[in-house]
Every structure is written in C-alpha cells, then in structure tokens.
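**Q** The lines below spell out each chain.
2 protein chains.
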Amino acid sequence: MFDPVEKLKEFIRHPSVSTDPKFHEGMKGAQEFVASLLTSLGFSVDVVKTELHPIIFAQRGGDKSWPHLVIYGHYDVQPADPLNLWKTPAFEPTIVGNRIYGRGAADNKGPLLTNIAAVARALEDDPKLPLRITFLIEGEEEMGSPSFPKFLERYADKLREADFVYLSDTALPNENQVVLTSGLRGLALFDVHITGAKGDLHSGLHGGVLLNPIQALAEIIASLHTPDGRVNVPGFYDAVLDVHPWEREELAKLGADEKSYAEFLGIEAFHTAPGFSPFEAVRFQPTLEFNGIGGGYQGEGTKTVIPSKAFAKISCRLVPNQEPDKIKRLVMDAILARKPRGVKLEFVDQHKGDPYVVVPPDRSNTPKDQSPVLARAFRAAEKAVTEVWGRPPIYLREGGSVPIIAEIKRKTGLDSVMFGLFLPEDNLHAPNESFNLDVMRKGIETTRRMLVALAKG
Amino acid sequence: MFDPVEKLKEFIRHPSVSTDPKFHEGMKGAQEFVASLLTSLGFSVDVVKTELHPIIFAQRGGDKSWPHLVIYGHYDVQPADPLNLWKTPAFEPTIVGNRIYGRGAADNKGPLLTNIAAVARALEDDPKLPLRITFLIEGEEEMGSPSFPKFLERYADKLREADFVYLSDTALPNENQVVLTSGLRGLALFDVHITGAKGDLHSGLHGGVLLNPIQALAEIIASLHTPDGRVNVPGFYDAVLDVHPWEREELAKLGADEKSYAEFLGIEAFHTAPGFSPFEAVRFQPTLEFNGIGGGYQGEGTKTVIPSKAFAKISCRLVPNQEPDKIKRLVMDAILARKPRGVKLEFVDQHKGDPYVVVPPDRSNTPKDQSPVLARAFRAAEKAVTEVWGRPPIYLREGGSVPIIAEIKRKTGLDSVMFGLFLPEDNLHAPNESFNLDVMRKGIETTRRMLVALAKG
Chain A
170 MFDPVEKLKE FIRHPSVSTD PKFHEGMKGA QEFVASLLTS LGFSVDVVKT ELHPIIFAQR
230 GGDKSWPHLV IYGHYDVQPA DPLNLWKTPA FEPTIVGNRI YGRGAADNKG PLLTNIAAVA
290 RALEDDPKLP LRITFLIEGE EEMGSPSFPK FLERYADKLR EADFVYLSDT ALPNENQVVL
350 TSGLRGLALF DVHITGAKGD LHSGLHGGVL LNPIQALAEI IASLHTPDGR VNVPGFYDAV
410 LDVHPWEREE LAKLGADEKS YAEFLGIEAF HTAPGFSPFE AVRFQPTLEF NGIGGGYQGE
470 GTKTVIPSKA FAKISCRLVP NQEPDKIKRL VMDAILARKP RGVKLEFVDQ HKGDPYVVVP
530 PDRSNTPKDQ SPVLARAFRA AEKAVTEVWG RPPIYLREGG SVPIIAEIKR KTGLDSVMFG
590 LFLPEDNLHA PNESFNLDVM RKGIETTRRM LVALAKG
Chain B
170 MFDPVEKLKE FIRHPSVSTD PKFHEGMKGA QEFVASLLTS LGFSVDVVKT ELHPIIFAQR
230 GGDKSWPHLV IYGHYDVQPA DPLNLWKTPA FEPTIVGNRI YGRGAADNKG PLLTNIAAVA
290 RALEDDPKLP LRITFLIEGE EEMGSPSFPK FLERYADKLR EADFVYLSDT ALPNENQVVL
350 TSGLRGLALF DVHITGAKGD LHSGLHGGVL LNPIQALAEI IASLHTPDGR VNVPGFYDAV
410 LDVHPWEREE LAKLGADEKS YAEFLGIEAF HTAPGFSPFE AVRFQPTLEF NGIGGGYQGE
470 GTKTVIPSKA FAKISCRLVP NQEPDKIKRL VMDAILARKP RGVKLEFVDQ HKGDPYVVVP
530 PDRSNTPKDQ SPVLARAFRA AEKAVTEVWG RPPIYLREGG SVPIIAEIKR KTGLDSVMFG
590 LFLPEDNLHA PNESFNLDVM RKGIETTRRM LVALAKG
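These protein sequence lines map, in sequence, to chains A and B. Its first residue numbered 170, the first sequence is counted upward by one per residue in this note's numbering. Its first residue numbered 170, the second sequence is counted upward by one per residue in this note's numbering.
Next comes chain A alone, as it looks inside the complex:
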C-alpha cells in the first residue's frame, strides 16, 4: 500500500484555495491527485463538472445486500493569509516531531487521506470485502459548497442507495479521546457596507459636518450583543432547541478544564452567553461574530481622511432548529433598524448552511425508524475506537459547520457518522495549520476496523 504520510505531503503541495481564482492550478492538481489515487485503488471515478470546482464521485460496487457507505471529504483549503505569520511555507509540507505543517493538513487533507488509506488497507487485506463504498469529495467546502445542491439533485437517487455517510471533518478534544460528532452548527454569512460621502474627505476641511461611516458601522456592531454576551437581535433565539440530558452527560465525560482552555486561547476571561460554560456555549449556543472589518487608511503613520466607506464581515453559527435564511433576515432587519441617518447601507449576501444533529442508537431521543445499518456503523465505530485508543468514544456536538451534512440529510435521508480527527492545536483556518501524524496512524487503523466490522455484520 502507499505511504500515507508521503501521499499527504504530495496532497498539501497542491495549493487548493477554492475561493481565490489565482489558485486554479492548485485546485486542478489536488483534484487530479485524489482522482488518480482512488483510480489506483480500483474505484470507478467520475469527475463531475460543476460551475466552479469539480466533485469527485468514485464507487466500488457490489452486491445490493452489502452495507453501503458514502465517505465524504473535501480537497479544497482555506486561504493561507496572513502569510507572514507562517513559520514554514504554507504549501510546502514540513514535518516537525509528530506533526505535519501546511495549509489544509488538518482541514481536510490529512483526515480525508486517513480514510482513503483505511479503505486501501482493508481492500488490500481482503480484496473481496463485502462492502459498497462511494467517495464523494468536493472542492468548494471552504466557500460554502455552492455547487453541492445542484449536484445533490442529480445524484440523489444514487446516494439514496447508500446507508449512511462517513466523514472525518470534525474535531477531537485531545489526542487520547475520540469524539463521534453528533451535531454541527449551521452558518449564515453576509457583509455590511456603509457609505458616507461620495469620496474620502480631508478630515480638517470637512471634519465635524458629517457622520463618519466607521462610526456608523461601529454603532451598529456594538448594538448586536448585550453586555452579558447574548446576541441582541429580536427573535434570534426563538427556534433554539433545548439540550437533551444525555448530551450534557457525554460532555461531562470530556473532563474539560476551563483554565487550560483559556491558556490555549491566550485570553484573560471567557465571554459566553449567561448560563453556559465555554464548552457548552460552543456546542449548544448560536453566535454572531465579526470575521473582518475595514475602512479608511490602514497603513503606517497617519492619513487624515474621513473615509467614504467602511464594511464588516458577519457570520452567525446556528444550532437546531434555527433556519439560516430566517436568521439572516432577522439580523439584517435589526441592522437596518439601527442604521443612523446620513449614511447608506448595503448588504452583500454570502453563503449559509443548516445546523445538523444525529442521535446514536439507544438514546432517549433516538428516532424509532433509525437505519439498522447506521446503528451497526455507530456500534462498529465505538468498538474500533475502544480497541485502538483504549477508551470508548464520546458523542458530542461541535461548534464547527459542515453544511452539506444537513443538505445530504434533507435531500437523501442519509445520516452521518462523524469520526473527528483534528485537534484544537491544529490551527485550522489560521497560520501554521498542522496535523498530528499519531492521530493519523490511529485513525487509519480505527476506520479500517470499523469497515471490516461493518462488512462482516
């Protein structure tokens, strides 16, 4: 079988930033890398064209009585800027100790390759393994998967033949404790642009006669939270579901330590909605965050202008049963209602995604009609994790978003088994992203055992 670490290096070297057209070559390289790897494993590979980046749809068929899983992953990565904060080149994989550094190492190239390697090993051991496997690997996850809904419509019938989705695009709390992710937050993103005068003005000649767009924007931003840390938008929390007691019990098993978490983040104090610990807040509460702000002169020294424009990039993380479109509307309405006189305001809509929950077998709220193969997969995963890591997994919702998981559920009815593989210190979406190679090694063995157990029934 191929060497997973060498293959991961090769994968990282393709700079596959999906949001930036400058990285067209890197996207193509990463897509071809995955397609050819799956072809070499005997998969029948379709590279499905979309309006932007192709989706790889690769199948290993078999008897209709065999369990059928869809392994999801993505070959695109976040932008690497600010580049000056990287200690090693962002797209030149560098191994230091048991970590491999590079953009996409943890999100999602390392975890995806872990699952591909597990499949490769299982099929090497038993080329006749009674298991149908479909790989579904997209190139637009980091931009909100705009082509995915259309793809899903075309491929929904094929996907409905499967039993469940399996993916590693969620987090482990630490390298000794596996989490099977039971929920994901949704997303609602848009930008706010404020315009004052028709051009930048001299702050001496005109200062004192008009409202500065930076001030107008700051007033709006400052109004969107209450001092105690809740989102200050009427109706924002109306659809939020209560947390089930078993979820709090699982979270208690995490034994998470607030002091270490604060030190890890480098903050003096937490700032959570009242009644929630930081570990609860990130899993069970929605947010409204400011991802970026800009306006006027940002260079060294001074430039005494009153800028014409200022903008902010806003994102909400949503929990069941908040609806992204409804939340966007509520937040935009609140912003419009708070717009001061004398400036213009425009929204630029960005992407969105529904929140998602899946309930493992034998819980108080497990659906009565849960797929028996899904239940078997959860139990096989629990057993494999316990064998390889020395302790059972815990089921936790996580704060991140993989919007297509909810999309797949809605369009095909398939639920997802989410085997977390990246660690808090992996620096996802930030400079110096890395992936733990011990986690990768154990992850390959875990998924291999899960696949074999699932196939053997």
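Do not take every clue at face value.
Since copy identity is lost for identical chains, a pair holds within one copy or between any two.
Said to hold, decoys possible - With a cut-off of at most 35 Å between alpha-carbon atoms, the simulated DSBU-like pairs for lysine-lysine come out as follows:
no. : residue 1 : residue 2
1   : 478       : 191
2   : 495       : 578
3   : 508       : 178
4   : 513       : 422
5   : 478       : 508
6   : 176       : 367
7   : 178       : 478
8   : 552       : 176
9   : 367       : 297
10  : 578       : 478
11  : 256       : 191
12  : 478       : 513
13  : 233       : 327
14  : 367       : 495
15  : 367       : 428
16  : 367       : 178
17  : 367       : 191
18  : 319       : 578
19  : 327       : 497
20  : 218       : 513
21  : 495       : 256
22  : 508       : 580
23  : 367       : 611
24  : 578       : 218
25  : 537       : 508
26  : 497       : 508
27  : 495       : 508
28  : 478       : 367
29  : 478       : 428
30  : 537       : 578
Please keep in mind that the hints were generated in silico from the structure rather than gathered at the bench.
Once you've looked at the hints, dock chain B against the given chain A.
**A** Chain B alone, transformed into the frame defined by chain A:
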C-alpha cells in the same frame, strides 16, 4: 521668467510622499527641484539636513530697514492610495480644462509655486525691490513636521529678524472669493490596537466563548460621540474659546449654501454638534474622527475567523485653546475606562499640533502690540486681492491644520498671513487631486502686488 505651469508639471512628477520610505527618490527630486529654482532666482539656498527630510532655507537679504517676510511651503505630498480610484496617473500631471491633476497639485506644490512665481515676477520687474525674503520649505508637513521643532530651535534667531510669515496652504470657498485665513485647527493623532486571543481562531470551533476584538473596538468607537454629534469625552470641550462676533459676521459674507455643500459631499444629511451650522462647525468646533479601521479578513468571499487583533486610527482636530497633549490624555483615559474585560488595549502615539489664530488689524480683539509690518501686510493683501479678484477678501478660520504655524508663533513670535489658494473641489488628500490654473494665475498677480505694496510702504 519661467512658465509657472510647466514648472508645476515638473514639480508634480517628483513623487514626494514623505511618510513612505519607498518614495525616497521622489523626495530627493522634489527637494532639489525647489532648491535649484530658488538658486536660479538669486536666493542664497541652504539645504538643512534633518533626521529625515531636509528643510530648504533660502534668503534674499537686504537693508535691515526693509520689511522681511518668510514664505512657508512644503514639497512633500500625501500618499496617493487608493491608486485604483485615480482617473489619471497620480504622479503624471495631466491638464484637463483649467485644472491640473496630480498628487500634490493643490497641497502644496501649486500654491507654493504660485508664491515663488510671484517673487520671481516682482524681482524681474524691480531687481532692487526693497524687501527681504526668506523661503522656508519643508518636506515633512504631511507627516506632522517631526523635524521642525529642532530646526526652529537652531534657526529661531534668524527667523526673529523677520516680520511675519506668508503662506498659501489653506482654502478658498470658491474661485471668486479669496479668504485670508485667520485660524487653523490643531491636531492630536493616535492609534488604538485591541488584542483578543493569541491568534486568529476558527469561528466555529471557538465561537461563543470569547469577546471578539472587533466588537470590543466597535463598542469603544461607538461610545466616543453622543447621538447629537458631540465628542463624548469628559473635559473635551473645557478649553474651547468662544467665537468673536466679527468672525460670525465675516462667515456670513461667505453666503455659503448648505444644500450645495451637501451635494458636493454627496451626503443625505449633515451631522454637526448642536448649535453649529456645518460652516461654523468646521471652523469653530473640535472633532474626533476615525481615519481608518482594520481587523480580520477583508478579502472577497468569507473566512470564518475570530480575529486576534483589530485597530482604529483616531484624529482630533482642535480649536483654541485646546492643548493636544491634554486632549490625547483625556481621550485615551476615556477609551481605557471603556475597554471591555477580556481584551488587551495598546495605543500607538502619532503626531500633534497646536491650533492657531491671528487677528487682522482694526478688530475688537486685535492685540495692542501687533507688529506694524504685519498690519501693513494684511492691508496690502486686502488691496491686492480686491484689485485682482474684484472683491475684498474675507477673514475666516479654517478647519484644516498647519501645525508649524502655531509652532513658529510660539518659538519666534511671528504671526502668519495665510492666503488661501485651493478649492473644495481640489480633492486634497484624496484621489484625483487637482489645482485650478486660473486661481494660480490670479494668485501670482495678487502676491506680486502684495509684495510690491509691502516693499513700497
């Protein structure tokens, strides 16, 4: 005599951005251009080295009984960014109709060259003109003249031999009405930097547990004004002097029209401190403005980070008798008092400048000990303006700042006669800066007549 317009083109072609070391060659070129022009007019030119950009000190001596004026100007310009908003190249002078476009055309290359050309013409007409003239032309005005105080200490004795300072670095309200500027606002500038977590964080994995630095900054910014448009900092207005009735009378002569001004700025509504028209506010009231803001992701699309840092660039325009250091302290103290818990805050100090007023002869508050030569200069300027422009000048304070004018007054006792030459539509400090060539032509003739009248007594 030289052709003033051709000379101005040559001057603009030197990209003399003082704040940016990349423009070292442009600074050198502009400085040598001015020095060699003054040498060609028979001046004895010293290029006085400073820690940064040299000051040109050029003298035409003469009998001690002759009036002696110091003509001030600066050869540096503001940065030209954002370059993509320029319709013609920023450093390639382009004449369209009666305007010349280019960075520095109006601030201060055109007006400075107007006064040099007036001197050239007066000396060509009468090489024995009984007038002592000193040119004092610096290269750091757009960065707050950091080398000027040290220079003033060394040259204070030489400057005290003069009677007054003459300059054209202020504004005309329109091309038919000359203003002799009777006051300038001061400046106090600094940046605020907010830091949250030690690095950018994934807004899903960690969103909801910490205070976003953009939010902290927005809360601070939003707190610095009251809804009615006053600066919301305790003590900010304490030292502000009342306006003299003759100043309001002069302003009434301006016949300024709020509707046209709003259209010129492209705003829907003014936002002035209560009790002040926009024309009064800009002259008689201090401000606190945000010149820039930045933090997090500012590119296309989305990047779902919680940024580690955010910053704002703040500037106050001050009126007599506000003291820049005291105002900085008051504003910084207010900001510190309003810093929310959980983020760090740092200030980066920038430059400052005192406000300035000069009272023309025969006013209720004209100082009893006003220099007779200064009074003669004002009267000569009034007469020259009336002859060339067809109507007398009005005396107005202006909103802009030329901090060295107050500095010269404090160190040498010299007051300034400020003959405004740029127009509101000249786009100072903004893209597509230009200078009106009709104003330049009339300006040359006005200053020439003023010089001759002053010399003849």
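**Q** Going back to the hint list, which numbers does this structure go against?
**A** When the structure is compared with the hints, numbers 3, 9, 10, 20, 21, 22, 25 turn out to be violated.
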